[in-house]
Amino acid sequence: MASVFLNWAFIGEVKNPRSFVEDLRNKRRNGLIPYEVNVYYDDFTDEVIINTDNGRIRRPLIVVKNGKPKLTKKHIRDLQSGKIKFEDLIENGIIEYLDTDEEENSYIALWPEEVTKEHTHMEINPLDIFGLSSSLIPYGEYDRGDRVNFGAKMIGQSLGYYLSNFLIRTDTKSNILLYPQVPLTTTQTFDVFNLDKHPAGQNVVIALLSYGGYNMEDAIILNKGSIERGFGRSFFFRTYQTEETRYGGGQVDEIEIPDKDVRGYRSEKAYSNLNEDGIISIETPVSGGDVLVGKTSPLRFLGRDEFLTGIQNRRETSLVVRHGEVGVVDKVLLSETQNGDKLVKVSVRDLRIPELGDKFASRHGQKGVVGLILPEEDMPFTEDGIVPDIIMNPHSIPSRLTVGQLLEILGGKVAALRGRKNDGSMFNCEKENDLRKELQKLGFRSDGKEVLYNGITGEKMEVEIFIGMIYYQKLEHMVANKIHARSRGPVALLTKQPTEGRANEGGLRLGEMEKDCLIAHGAPLLLKERFSSDEVEIPICKKCGVVAVYDWRKNKYHCPICGKGNNIEKVKMSYAFNLMLNELKSLLIFPKIILEDGE
Amino acid sequence: MKWERVHKMYEELISNLELPEKIKEDMSKSFEIYKPTKSQAKKIIDRIVNTYKKMLYEPGEAIGVIAAQSISEPATQMTMRTYHVAGAAAKQVSLGLPRLIEIVDARREPTTPMMEIYMKKEFNTKEDAAKVAKKIKETKLKNIVLEDVIDLVNSEVELKIDINYLNNLDMNMESLKKTLKKYIKNYDITTEDTTVKITSKKETTIRELQKLKLKIFDISLRGIRGITQTIVTKKGNEWMIITLGSNIKKVLGIKELDPTRIYSNNISEVEKLFGIEAARNVIISESSKTLADQGLDVDPRHLILVGDTMTMDGTIKAIGRYGVSGEKRSVLARANFETTVKHLTDAAVEGEVDRLDSIIENVLINQVAPIGTAMCDLVFKPKTSKEK
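Residue numbers (our numbering), protein chains in the order written: chain A, 1 to 599; chain B, 1001 to 1388.
With the rest of the complex left out, here is chain A (with noise of 0.2 Å):
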């Protein structure tokens, strides 16, 4: 007897499992249980498993009965002349969804030559195994599995032309590719899903090679003349955004130029750029804290000023560029919210253009940042004069076992040179044998070498370069957007200790451990110098060892309990430390300093 589970609540027990799982899957087939129901026989536990539930994974596979795939070429010409549709295929039971679970008790032949009797079930295409990202890997399988992984990842986050509307869209952050290409080396996915009008990097020239070390660690050095023909140009928008919101007591937000006496007002040559309506215009170039929306809000809380005179302050609360950015204001978007008030959005533009640390990378998992941008005559050439666009360096191969990318540059080389693009779709591929022959063909190595010739002594090199054709990628990791320093700056209210992060314009903790290291290195007095940046002074009464009062008044200090000022002396602490000796004061522990002589 197995057990019946319908997700995974226990309903009851079969005799025969597996008639019984088959019976099920026939119904469904013939359309009398819905085809989302999936049922799965685990003969080690002895249970059926039954699931209908949402969020399972399920992908569409070609049914097998007798060894003969049910989708016939009758099926396929009536697909194309549009009289049934796919829908129609599933009704029929020609087509089904399998969950994981169901995956287990079937058996999948990749082409219709393998079929056999015992199995089930056989692939529409062997590529669908794959998500859409791992599918658009040229000669994937060719690469180690983890290389496939994180070349899927790195697709994800290549720069490209997203959405064609990208000119009226107001996103918080979004980059354009200037220049998007599409690959020579593509899948059979890029067609399914229009990518064509949608691509995410450049067909480059690539020469393999050590070239002055400025490629080590996975770097790679780019050919300025590429760049200067817009190779990795992007454009990077940030929208900002504010609005005109109400308070109650009819107090509202004004859009405007502020006046010189609101509360934070910054210098005049701040709102220079605005236009009468307090609005930047268009096209007005910008850096860090520049104004983009002039606005006052009214006070929070009321001084005794206002009290007094009765006349209302305003605070400045306009809109400022981040800090650390630059652009060009693009576009300015006036609108409303839905609860009707004003709201203006202004985006602006940077233009990126490739430099010293931008990360590229090819669709294999092989990344690297910039680390030399060589001028097109220092760049080696071959003899036909075709000078590389990114020089890679070999070192990245071996360990690595890419094979696919060598195929892809390989493929893309003949692809470039014949004029048509060339299929890489996993186990449905050009061949390498192939290509070698056509490349020989082509009147080149069959392997891809070249003879390279130095581009600065204009030597030949000793050994031939394999040199290429591949599809990179900008990354949306750009050193433009990670760049951060700082020698002063803002410090937290609180601790007043430096504040931390790049948007804030924060120190870089010396930590734990850091702090640990000068000690080992018996080095306190560099320590409490790194450790300075809170240090206050603070008055103790030599007496009574609590902290003493400043009156302002008189200038003069007096200690709260013995109340005279003879015997105070001023310590040096972090501020961290008194304001820990203020916290114990609240939990009624009253810390005493007690001072010893000394000068």
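It is worth saying that the hints were derived from the structure and are not from the lab. Mixed in with the good hints, there may be bad ones.
DSSO-like mimics (lysine-lysine), calculated; alpha carbons at most 27 Å apart, straight line [stated by the list, open to error]: (1) K543/A to K1383/B; (2) K542/A to K1383/B; (3) K1140/B to K1211/B; (4) K572/A to K1381/B; (5) K1126/B to K1211/B; (6) K1328/B to K585/A; (7) K1383/B to K570/A; (8) K1235/B to K572/A; (9) K528/A to K1381/B; (10) K570/A to K543/A.
For this one, chain A is given, so just place chain B on it according to the hints.
Quick look at chain B alone, frame taken from chain A:
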């Protein structure tokens, strides 16, 4: 005659040096081999003394922090490595980081207690070692039971015994019956050729019978309690026994074994039997062995410092909240580590005074910590002109 004079000269040269005894011994030994002249010997001694002095730590060197860093840096690599060895789990001993943590935490019982026992010289044969190994290995009743049935109708427990195994232990059914009688009362025990029946004298419940079964299963028939496995191996030309499970007290009484060389990795057991110095040595040797097994090269002096710190006041203290760190003199240093609020409130209740004479407190309040270059202080305080 002449040799005696030279020998005396060496003695004179060496005896007054301010060096550890071990180095002095080594020196006089090698002097007797190479026989240097007086001037040569003086030069050699000078160099040794100089080198020794250079090797000493400077006053104010942060040896504790350096020891901690020197052990924990390779230990971080160890975490990455030990969990990556897939499939090679044949050896069931705790190794690597878990074992290291066990040592510095001063756990009462190690997860895999082990002993190394050597044979006395006159018993140094494979046969004797094997005999002892068989003798000390603990066999419980459950090891020799093939089948057990609880018969509720007759309220009895029926056990089918592996008779070959029993004979191997130099026992038979009669002696088994005797042993069982020692442990259980109020039950009748009858034996047939390979079965034992334990019948209750009065009516019982199935729960009681089940309890009884579990109780008699745990009866030790042979060997020393705690020793679950013995392995006889040869080390050099000596036969020795490695045991899983540790019970030094019982093993000491066996006449074939060398009582001076029994080694156990159970630190607290060693401390109880042989004292704190022995425990210190076990801490040092166990931690260095654990690191060496992983192919890590840590200077033994760091481990010696750990061992010294843990055993400093006569008991084994863990490195952590309930040990070394929790017993620091300074309130702020303790509060800085763990359970901040507890230490602060306790200090407030007791009115503790923090003298601010250690490192962490001074870092906390941002003063110069007395370590390294700031170790020195002016002791002599000149009188001011007024005081004169």
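Hints and how they fare:
no.: 1; hint: K543/A to K1383/B; result: holds (23 Å)
no.: 2; hint: K542/A to K1383/B; result: holds (22 Å)
no.: 3; hint: K1140/B to K1211/B; result: holds (16 Å)
no.: 4; hint: K572/A to K1381/B; result: holds (23 Å)
no.: 5; hint: K1126/B to K1211/B; result: violated (41 Å)
no.: 6; hint: K1328/B to K585/A; result: holds (24 Å)
no.: 7; hint: K1383/B to K570/A; result: holds (23 Å)
no.: 8; hint: K1235/B to K572/A; result: violated (64 Å)
no.: 9; hint: K528/A to K1381/B; result: holds (25 Å)
no.: 10; hint: K570/A to K543/A; result: holds (13 Å)
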